[in-house]
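Heads up: the sequence lines are chains H and E, in that order.
Residue numbering for the first sequence is 23 to 505, as defined by the working numbering.
Residue numbering for the second sequence is -3 to 442, as defined by the working numbering.
Check the hints yourself; a few may be wrong.
To be verified - Covered, in the sense of this in silico footprint (three residues per stretch, anywhere, with C-beta under 8 Å from a C-beta of chain H), are these stretches of chain E:
#1 108 to 120
#2 127 to 133
#3 154 to 164
Because the hints were derived from the structure by calculation, they are not lab data.
Note that the structure is a prediction, hence the values are computed from the model and not measured.
For each residue, glycine too, the CB sits at the ideal point set by N, CA and C.
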Amino acid sequence: MRPFVKMICSDVKLSLSRRGARQLMLLAWLACVAVMPTAFAAGDGESTYVVVKAAHVITVSGEEFSPGIIVIEDGRISAVGSGLEYPASAKVIHAVRETVTPGLILPRARNGLPTYRRTGVHGDQQAASEVYLDERDFEDYLKAGYTSVGIVPDGEGIVGLASAYRTAGDDDARLLKADAYVYAIPDWGSQGKANLRGAFKKAREEIEKVEKARKEWDEKKKKEAEEAKKKVEAETSEDKPKEGDEDKVALSVVDSLEPLNGEEEKKIDTDSPKPEEVAKEKEAQFVPPKIDPKYQPLVDMIQHKDGARMLVRLERASDLLHMFDALEGFDDLDVDIEFSNRRRSSDLHQVIEKIGEKKLRILLTPSINYQPHTTFRYNAAAQLAQAGAKLAFTVSRDIPRELRRGTQHIAELVRAGLPIADALRAVTLEPAMMMGVDKEVGSIEKDKSADLVFWDSDPLDPHGKVNRVMILGEIVWESDKSQ
Amino acid sequence: MKIKNYFLLLTLIALVATPAWGLGNEKGKEAAKTKASIDTSADVEKEKKPKKEDVYFNLTGGTVHTVTGGVLRDVSILCKNGKIVEMGQGVAVPENAKSLDATGYHIYPGLVAADSGGIFGASAENSTNVFSLQMTLALAGGITTAATGNTAAKMTFGSTEGLVIKRDLFKTLRYSTIEPNARYELREKFEKVRQYLRDYEAYEEEKKRDDEAEEPDKEWLKGQYQVCLSLFKKNAVAKFTANNAHELLDVCDLVSTFDIDAVIFGAVEGWTVAPQLARAKVSVVVTPRRRDNLDERLNRASGSSIENASILYDHGVSLAIIPANTSVTLWGLAGRDLLHLNMEAAFAVRGGLSEAAALRAITIDAAKLLGVDHRVGSIEIGKDADFAITDGDILHYMTHTRWTVVNGEVVYDKLKDTLFDHIRPNGELESPPPDDYWPRSLGADQ
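Construct the complete structure from the given sequences, taking the supplied hints into account.
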């Protein structure tokens, strides 16, 4: 039962840092991942091992191995390298002519969900509430090599929380993270800036509201305590002369039992309200005023809670400056940007240095752009990488054709000067970080889930194709050719 | 002896008192020390915040047309954090100052457009595209400040800092001959507010004698009435659009009856009623190249005149000039849009206006009209470091803007922006224009 114990341990660790909704999800995931292998394992509770022997392994986060071996234990990567030992019982996948990379990750997609116009702040909306898991919907992602995808809500303003999904596998293990990031599509053409600023101000007001209530409650408690003290003091000061009186009475009546009885009664009197008070205190524990659930994710961001992050969609270079203005006064917010450079001409070149300076993570469409109104072409991705920005790539539209072309477009950028390492990172680890699931997926590392893609050649070869896709150690999709 | 004793006593007191004094002083010093330490800690806290370093910009050489202070030659203009701080010869320039040598060029204050469209967003501070082609083109026309809607904003290309310089420029009033009812109502409102102000004054007088004096009712003082009140108190400026002589006279009548500050946009027939306009002390915004035919049926001068600006100026009417189209359209091909603000002023010169007055009408007088002359419109110490640096007289048709500076930053450079780089009327070929082949290659050459 070793793996089971391990799982529980990891769950405890996670539950300390994450919130309730995710715990439930994780537990569900646990139930499937931890129980299933025990059911299939030969009754002894031993782990199931899968070993991938590939011509070339690109880990993204570390060195590359050719040939390389990936050892997978119960759907998790337990070792990666070359010439590794593995249990004899392991199922071996021979990929002698294939290159294995971590599964690609698309951090922003709509997956054909309907568009609708919703404006304002909707931090309580999750994309997960819209998604109905259907294998067919995700097959196009698998064909293109995507193993995780972030589904975003639609609308205008702060539209809600994006949810990270695996593109295949058991239904219970599909949802990676329901609240991956807050997605904002401000209407920069009119009041977008004012609305974004207003939303964060409102969130701060919510925090202040709670703090104020807490202060008032504390003061009230203090006063009550002081009053209670005074009462006790008053009582004791009143009691003393009473005792004296009683003593006098006792002395006068000369009955030794009466005062004793009196004392006992008093003891009972002083003791009896105590448990009541305790109960009252328990009842009167501080109940903070409710934070508007629409603003909860923004509140979490301001309070720097773990995993609270935002993705802001920008249309023009100017919008970045407006965004900085709007978020002024809110320090160190975890904000990534998405730049809409889908059209051929884009003025992104105006702010490349600024983005690099601030080391922002930027989500781009992989394309060569023109400076507006000129014939100057520029490779924004390469320039951003050089300037120090963190790159992540999306596709211009999440339709099958564009999904398949994604890596071809990236290959074009690499040809025009983007380092290969940055390019691969931009479709695996960076998107994972963008969604806060980089502990789970995004690279071939120990303890990460075995979400892998098997390519028939280099992943950035324009003629390259996806042969097989593995999710949680199981081959979930295979092209007709490879069979 | 008594005196001696007295002295002795004094010395004794002094001896006894000194240690106490000393102690007192030490205590005081300690207190001072603690105070000082508190102060320094506060300083440290201040230092922790990223302190912005002073940014210097030094503009040397060239002919400086200050507009308000004559023409200067061989001077340098030192700007600190976007403001002009020193001007003259032998200015001590800090080492980290960025400098621009404009020898052979003409330095003007950045031009001011009394109206504009399409350069700033609907809400200037919220939705302006500070990298837009429109803004670059306006800068190429030497314009650095423009009114947009009811806001005065600066063309801070590449930055949103200091974009808006004044809000609520005017209170727009409709006082047109084609809306007699609206005219009547507006007049009535002015009358009512004037009566209220008189009543209020009477009430204040009465209050000095009688504590129970009743304040005049002001529940109704809302909306348009409030506008009238602010105009009466000279907290705001009224904006009218009027072109015909009788419309202009009507506005003059309204303005002088109620003694308010007013600006008239249009004033095509202003030249026929210039004395009345001058007496009403209104400012006008004219378009010298506007053509309105004269009305043959009228037994008076009518229609537009190229002399309009000149006649108005000669009568002492404060003048600003804007082109017929106040946005940047057709990339300036039509020549009558905001890109050619200086040409519009040049046409006023053609009609008899002095060159100095024409320059004023697109700089300081336009700034005064907008109420931003404390910031822009002339080259003076303390004003914003906004310059239009041209390769010739700004009113000459062959002149191009070489650099435009806003807040001490070069935001337009003719040789770097590709718009007018290929136009070299003076034959300056030191840096040849780039080859315009397609497609341009990617990589090192950029």
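Cross-check of the supplied hints:
1. For the segment 108 to 120 of chain E, the assignment as covered by chain H holds, since 3 residues bring a beta-carbon within under 8 Å of that chain's beta-carbons and 3 suffice.
2. Remark: the segment 127 to 133 of chain E is confirmed as covered by chain H, as 3 of its residues place a Cβ nearer than 8 Å to a Cβ of that chain, reaching the required three.
3. With a cut-off of 8 Å between beta carbons, the segment 154 to 164 of chain E has 3 residues touching chain H; three or more are needed, and the interface restraint holds.
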